[in-house]
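**Q** Each chain, letter by letter, is given below.
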Amino acid sequence: EAGVTQFPSHSVIEKGQTVTLRCDPISGHDNLYWYRRVMGKEIKFLLHFVKESKQDESGMPNNRFLAERTGGTYSTLKVQPAELEDSGVYFCASSQVNRGSYEQYFGPGTRLTVT
Amino acid sequence: AQSVTQPDIHITVSEGASLELRCNYSYGATPYLFWYVQSPGQGLQLLLKYFSGDTLVQGIKGFEAEFKRSQSSFNLRKPSVHWSDAAEYFCAVGARSGGSNYKLTFGKGTLLTVNP
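Respectively, the protein sequence lines represent chains A and B. In case it helps, my numbering puts the first sequence at residues 1 to 115. In case it helps, my numbering puts the second sequence at residues 116 to 231.
It is worth saying that the hints were derived from the structure and are not from the lab. Here a beta-carbon is modelled for each residue, glycine too, at the ideal position from N, C-alpha and C. Possibly wrong hints are sitting among the right ones.
Said to hold, decoys possible - Per the computed footprint, the stretches of chain B lying under chain A, defined by three or more beta-carbons under 8 Å from a beta-carbon of chain A, are:
#, stretch
1, 125 to 132
2, 148 to 157
3, 160 to 174
Model the full structure from these sequences, guided by the hints.
**A** In structure tokens form, the structure reads like this:
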């Protein structure tokens, strides 16, 4: 079984540009989460999808961030326009709804550097 | 709001020595607690979790953790560390995020260095 994959692994962009991060969850997982770790800080929750619906987006920092999950499969996280403080590692995780274990499986992350 | 404190940013131990990583949490209800590990270039891997029941939880790779409600702690332990255990360790508490699903609140992590 393939794990959670994220693309790209690393992105370097200039302030003001747009970047789109992609996450492919484990096949069949209805729950998809985005987290972010800014350098020196803890990993923070951004949002949670159940299938294609946003269940909780309380952690999204501002309206420059747009997450989508069309069709309930892969998800994208777009940052437009990017600011310096958006630099960090963006993690995606997925879990299955009805297993009861609630384990979230994490991808390797996308390291975003805004210069 | 929930929070997690990992007081040790960096710990160095010798191979074969015992290990204890500290974690304290703040949460208004019964906590769901987790320990994750991240090796370089890898995603976060779940070591163990506590939902209810026995307060001593066994995990993968020989790790265990003990939930102590009175101390709001969930410390991670291993009796004998291997060089491959060098990684960053994260403690997390789960809070409801719609239905029966949970979002995680993490501590800042503890970086473990293992000396030969």
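**Q** Quick check: the stretch 148 to 157 of chain B, covered by chain A? Criterion 3+ residues, Cβ under 8 Å.
**A** holds (count 3)
**Q** Count residues of the stretch 160 to 174 of chain B with a Cβ under 8 Å from any Cβ of chain A, then say if the count reaches three.
**A** holds (count 4)
**Q** Go check the stretch 125 to 132 of chain B versus chain A for me, would you? Three or more residues, Cβ under 8 Å, otherwise it fails.
**A** Violated: only 0 residues of the stretch 125 to 132 of chain B have a Cβ under 8 Å from chain A.
Checked against the numbered hints given earlier, the structure breaks only hint 1 and satisfies all the rest.
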